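Undergrad: Okay, here's what each chain looks like letter by letter:
There are 2 protein chains.
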Amino acid sequence: MQTKYVYFFGNKTAEGNGKMRELLGGKGANLAEMNLIGIPVPPGYTITTEVCNSYYQMGHEAVTLMIKPEVEAAMKRVEAAVAGAKFGDKENPLLVSVRSGSRASMPGMMDTILNLGMNDEVVETLAKKSGNARFAWDSYRRFVQMYGDVVLGMKPQNKEDEDPFEEIIEHKKKERGVTLDTDLLVEDLKDLVKKFKAAVKKSTGKDFPSNPWEQLWGAVAAVFNSWMNERAILYRKLNRIPEEWGTAVNVQTMVFGNMGQTSATGVAFTRDASTGEAIFNGEYLINAQGEDVVAGIRTPQQITMEGSKRWAASQGISEAERLAKYPSLQETMPAVYRDLFDTQQKLEQHNRDMQDIEFTIQDGKLWMLQTRNGKRTGAAMLKIAIDMFREGMITEQEAVLRCEPEKLEELLHPVFKKEALARAKSIAKGLPASPGAATGQIVFFAEDAEKWAGEKKKTILVRVETSPEDLKGMHVAEGILTSRGGMTSHAAVVARGMGKCCISGAGTLMIDYKARTLTVGTTVLKEGDWISLDGSTGNVYQGQIETAPAEAGGDFATLLSMAGKHSRMQVRTNADTPHDAQVARAFGAQGIGLCRTEHMFFEGDKIWPMREMILAKDEVGRRKALAKLLPLQRKDFEGIFEAMQGLPVTVRLLDPPLHEFVPHDEKGQEEVAKIMGVSLAEVKERVSNLAEVNPMLGHRGCRLGNTYPEITEMQTRAIIEAALNLKKKGVQSIPEIMVPLTCTQNEMKMQADIIHATAKNVFAERNDSIEYKVGTMIEVPRAALTAEKVANYAEFFSFGTNDLTQMTFGFSRDDVSKFLPVYLEKGLLKYDPFQILDQTGVGQLVGMATVKGRSVRPSLKVGICGEHGGEPSSVEFCHHIGLNYVSCSPFRVSIARMAAAHAAIKENK
Amino acid sequence: MQTKYVYFFGNKTAEGNGKMRELLGGKGANLAEMNLIGIPVPPGYTITTEVCNSYYQMGHEAVTLMIKPEVEAAMKRVEAAVAGAKFGDKENPLLVSVRSGSRASMPGMMDTILNLGMNDEVVETLAKKSGNARFAWDSYRRFVQMYGDVVLGMKPQNKEDEDPFEEIIEHKKKERGVTLDTDLLVEDLKDLVKKFKAAVKKSTGKDFPSNPWEQLWGAVAAVFNSWMNERAILYRKLNRIPEEWGTAVNVQTMVFGNMGQTSATGVAFTRDASTGEAIFNGEYLINAQGEDVVAGIRTPQQITMEGSKRWAASQGISEAERLAKYPSLQETMPAVYRDLFDTQQKLEQHNRDMQDIEFTIQDGKLWMLQTRNGKRTGAAMLKIAIDMFREGMITEQEAVLRCEPEKLEELLHPVFKKEALARAKSIAKGLPASPGAATGQIVFFAEDAEKWAGEKKKTILVRVETSPEDLKGMHVAEGILTSRGGMTSHAAVVARGMGKCCISGAGTLMIDYKARTLTVGTTVLKEGDWISLDGSTGNVYQGQIETAPAEAGGDFATLLSMAGKHSRMQVRTNADTPHDAQVARAFGAQGIGLCRTEHMFFEGDKIWPMREMILAKDEVGRRKALAKLLPLQRKDFEGIFEAMQGLPVTVRLLDPPLHEFVPHDEKGQEEVAKIMGVSLAEVKERVSNLAEVNPMLGHRGCRLGNTYPEITEMQTRAIIEAALNLKKKGVQSIPEIMVPLTCTQNEMKMQADIIHATAKNVFAERNDSIEYKVGTMIEVPRAALTAEKVANYAEFFSFGTNDLTQMTFGFSRDDVSKFLPVYLEKGLLKYDPFQILDQTGVGQLVGMATVKGRSVRPSLKVGICGEHGGEPSSVEFCHHIGLNYVSCSPFRVSIARMAAAHAAIKENK
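As they're listed, the protein sequences go chains A and B.
Take the first sequence: its position 510, counting from 1, is numbered 510 in our numbering, and each next residue is one higher.
Take the second sequence: its position 171, counting from 1, is numbered 171 in our numbering, and each next residue is one higher.
Just chain A, with the same shape it has in the complex:
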């Protein structure tokens, strides 16, 4: 069968359908699907994503030849569907839009061309047929401008530079003494088109193309080219979208929102994208086209009356002014509004998710241009999932899958401390475009935000409005504040996608880019001054406001309990203190997967007996010092075991090289000498003996416990005695003693022998006993490769994927900054392997060791306790290779639980 490159849709039929996202892109698939469920959509066709890949393999000309027959045939079907208008025809011309549409939504990332097919003859016909010369010429000048910018590459690369077309418009407005585009007359527009064309000729050396087919092929190529523009590449990188997916191209009959007062264009959400409330909402502009609404150039009006009133209140606009200047669609076109309301309901029901829709009203008739699952904040994601489950629209499993683990982190973002907020001074109010609390120093340019972030400064990016070029800066800023644009403006949509706090359309702000100041009334704030944003209320505050950690409750708790029901893998936490243990337990941690004992030695006075042990000349001296440490460690363990009572606690024996515990500066060494009662020279010599060329690969981990068995003895004694003490108080401890950095089975055997012998002694002394386990970290490649031997002596494995990654890659985490950024930049690595588990290499070892370990000990408990334990894709991988648990930092526990549930649910599907 020959490959099909082009899919027609229109008049309630379609060659594609909603499930064909991969081939048709999200937009194309949804346009087809809307036709199939009887929603009015302007006829058109979709050129597949496969053609995009061919474009990058074969080049423009070859691809055009390849798809030309199908495109021409599809165009004929469109012409038939719109009852005889013809593309390129002078008498009854058909105009089209050309839009990108990839598998994953990439809002604002790629380029769009409207009104294509227009030329000097067509504009006259259009003026005649519509009886609206102004509309015809406005459409023409928009087309020339868009085509010049996007297809002919006239949009300035440097955003400091003015768009050449906008310059001409500004000049014209000044000349005519008007401020709004809509105040320009037909003659003005005609003159603009003329001047635009001259600018094109001057810039490209060629005449503006008047042949519609030439226009079309140029536009198709421009869409494909936009897949590889800098913004799109960055967006894919941030959202981990593979380059191979490609974009489809949608060619669709134009409908016009700019045909006069009975025409309009708008965007809407079926529920609130910020809070998740089940309230239909959106914005529209009368006599406007396409991008006008989201571009933030005119202030858009609300679709619903209720929304309109709320908006006016937030802007300090009176009801009378609102009705006069900003009436809702519900008020201006009640019939169309009802139609729109029904349609959005139908779309949400059909797609079983909150929809983000685009529509155009042409001369009183509603056309849907797009529907897609709407981007939303973490809070909205949560509420919508739980609500839809309660409404019976989706299953419990679906509700869980709807909540992306990583996005839940937003709900764990700090909030302003109540008492600090009470003292704060609100200087302005804008739209609560994306919730959260942000505090930072004002910057006005995205580049500065990036630079300041490099200097570890917290920034708030303040702009009149944002554009795709600001993406990097938005990414590093704590929050975003704009003086123009609505809830669906670029700033609002992108910020919500990033889970970043954003206030948009704070109209009382006066921003002076040149002076780098922000003025509100009499208050003048300069670049570098501190402000704070409450993205949930829209309040802008002067100065810094203290924040507090978030708490889990309500829907969040419900979601986590749903996740727990559908998971197979357990989630533990890495915690070294009773406080951390409690926090994690509140988030549902099912035990401690990693309790690092060394951190305890740095607390308070514990460092001194530790140093005494390190500086001891022989075993006798070490034992003396260890005897002092014993009661201190025992007390630490009592605290942690009590906090986790009834749940397992994995205690890792001493791991870091001993030189980490001694001071390396002369002053510190003098102090040590004084307190220890030895000479400074002696301290210096010992410290210098401890130095290592590659400390990562040196005398640490169980190499300490195997060369100084008395350390393992002391730590084991502290653990067992603590558990026995608690047992007397009726508190159950489940200690799991973990040997770090095992490389050979003999090391594991020696440590296990010491631990079991010590425990036996303590049991005999106390005439009492408890259950405990002995296992090991697997963080050295050799241990993974020989896991079937190590498991002979280990009852559990816990993969220390931080160190395992270091040794498997040969990357020192402390030194990787010398080349890792270049590697990510050049694409030698797709991501930082310390953030996302390298499934191919490190994961191969993890999987291999799990299989080998269980081959000799089927009951082997296997987990992971590196930082990957809280990263969703890594957690899913752990599920798939059959681990029993992951362990992560307390604030990542809920994210890991969600990821574990996702993995299990997807597997069962």
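Derived from the structure by calculation, the hints contain no laboratory data.
The model shown is predicted, which means the values in this text are computed figures rather than measured ones.
Careful, some of the hints might be misleading.
In this list, chains with the same sequence are indistinguishable; a pair is considered to hold if it fits within one copy or across any two.
Distance condition first, Cα-Cα at most 20 Å in a straight line; then the derived EDC-like pairs of lysine to aspartate or glutamate [claimed, not checked]: (1) Lys826 to Glu710; (2) Lys830 to Glu788; (3) Lys68 to Glu214.
Place chain B on chain A using the hints.
TA: The following block gives chain B in isolation, referenced to the frame of chain A:
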């Protein structure tokens, strides 16, 4: 079938045979075999090595119960074989010897008891029956002494202390005014027995056991215990003999060499163990028993007349004195000698190897007590193998297998420089017990030799005679010199086994342990003075003598060419200079497996442009410096390619971290600042920026070439241009460009792309081309784990097992001294994984990567270039997993070639 624990032999029948070494030990198997081929051997039986293992599992009592029935039955068969003598019988008593015998020969390592079964009644019967009361009582006192020492543990642990029995003998001799044991009368011997027993009672609190069965079980246990004594453990460690092998126990009818002037005992070699010459030789003592010959207490006499004359000449003894005091066996007992000569020939023919035999002559009748393949020097090993092949006794393959690769290294040991030797002063002459040239400082105690070795001092251990307690000291000394003992003395045998230079029996030396002096005539040398030994001539020189490297030729070259014929795997060399390349080529290297380019940068003025490159601020600056390096590198490559013309040369691109090239001291930095014309502060800052926490895992290897592609470009250009320049001169170069430290396939792809593009450019510029390959080191675990991806861009793999071991174990080679010695001591590691390839872990990765790599590229050439490439067991492993070549340092090439041949021949067997 029930396990058989005891194997009888005697009267030309045997239950075992020569192939049952594993079960019966070497001695037991050979005793059985000698019976089977009709050689007179005193009847006896062997308790298997399996019983030894049971002994360590079950303990003494249980094992005794287990084997008792079989031992008693075997004893009955022995009694029958010796025509009615009975073990423990008063009228016709049977005496036995009890000896150890493990699978591998461990000379002098374990304990032996002779004359067992003796008691107060038996001695009288024996005196009566033999008509030789002196013999009977001498045997009795020997038995009590040996049993007391070995079984009852009275041998002093501290060798400074006198043996309690020797003390009694010395006292008796003084009392009687005699100096030789043989001058003691029957009454003296009777008194000694009485005193010995009293000493036993005093020391153990118990009477000396008079029941022969009780004696036997005690002796059997003592043999098993000796398997775990310190000497045996150390010997196994040095010779890599597994503990699980265990030792067998041989219980054998006593024959007596101490029955008077027609009795004797001796040891002999069928060929010269030092030079390999086909000359029967050995030593004997009349009226002596067992250990007397090797113990060095009496000066043994030569077996052959020719040997006797040669010996006398070396000792400055006249023919008259020789005939009077030291006549040969050939002269004293010509008939027995002829019998012995025939027997040794038969044994060598039967065993097809040089034999080390023990015999006893009882009252004119020859009995063989042992035969085994004789230990020999590397030179003898080589000569015997080649001679036996020429004699048609063994095949070419067997001749190759007979030559242990590691032992060949002795032939590569330095020899004295001829001109230096001519100037040297010979102060004494001893027996050329083990060849080689050694120069060092005199020490008199093994402990001092160890201590001085720790201080990196070269020592010569000088002793009257050595004993097993001196083993460690002998191991670390450069050479060994004794004033007593023959060619088969402890010192001689052990030194040959170690491949260590030894001169024994240099009788003119006067050693004073207390004064720590060595006197020869009027020359008095003190501890710490330098002497030199020529182990091939027996000459002792005063002072230090310069040495020179050995050369390969003669039999050695023949052997290597035989090895080459039977190998599958090639052997290359690691060489960075034309000189090294030539040396290796002379030893038969088949190419360069690793040419490290970085060493070149340290030579002469090359360091300066290198530093300029490192300190450059940007790519332009780096390129400027690289342009200066290009002609220098090109010249280096021309030299190496020319030296290896026609053979492949693997050039590794820049590998070490850049900080290795800059000075870290202020003075050096000042020099750099001056020469570079920059400020000292600037140099300091750059040097400190280059510092890394874990340089092993830092910015090095292809991470340099991927962040600074211009380095790879320059090096590729230098390689290709050098090859093209040589091509013009008619010299063929086969460069293989090797990318170091590859971790991901993308890194490999990027480097390969740069190399191919650069080569293409150079070819175009020169309008000429050559063949070349691009491949990679596999030294990062991840590269091995993902080899099927890396191989897409690599035409060859070379395993850098040094770094691969570091990362797989997590052992920094520079820091491992902090725990590796303890690990080896405690048995946590069996050997240093940097010396011997860890087949289980690292080898697993090597095997896996080879299979994965070839799965996508069947033509993939695979080799190893770590230091393991010259270690025989590692080389054999490489053969078995199918590598194409190993590469090692020039002086290891011949050893690697032998190991490769061994592997191939064994595989084909």
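Undergrad: Now, for every hint given, state plainly whether the structure supports it.
TA: Going down the list of hints, with the structure as the test:
1. Lys826 to Glu710: Between. Shortest inter-copy distance 15 Å satisfies the 20 Å Cα cut-off; intra-copy 50 Å does not.
2. Lys830 to Glu788: So lysine 830 and glutamate 788 pass the 20 Å test across copies only (19 Å; inside, 32 Å).
3. Lys68 to Glu214: within (12 Å within a copy, 106 Å between copies)
Taken one by one, the earlier hints all hold for this structure without exception.
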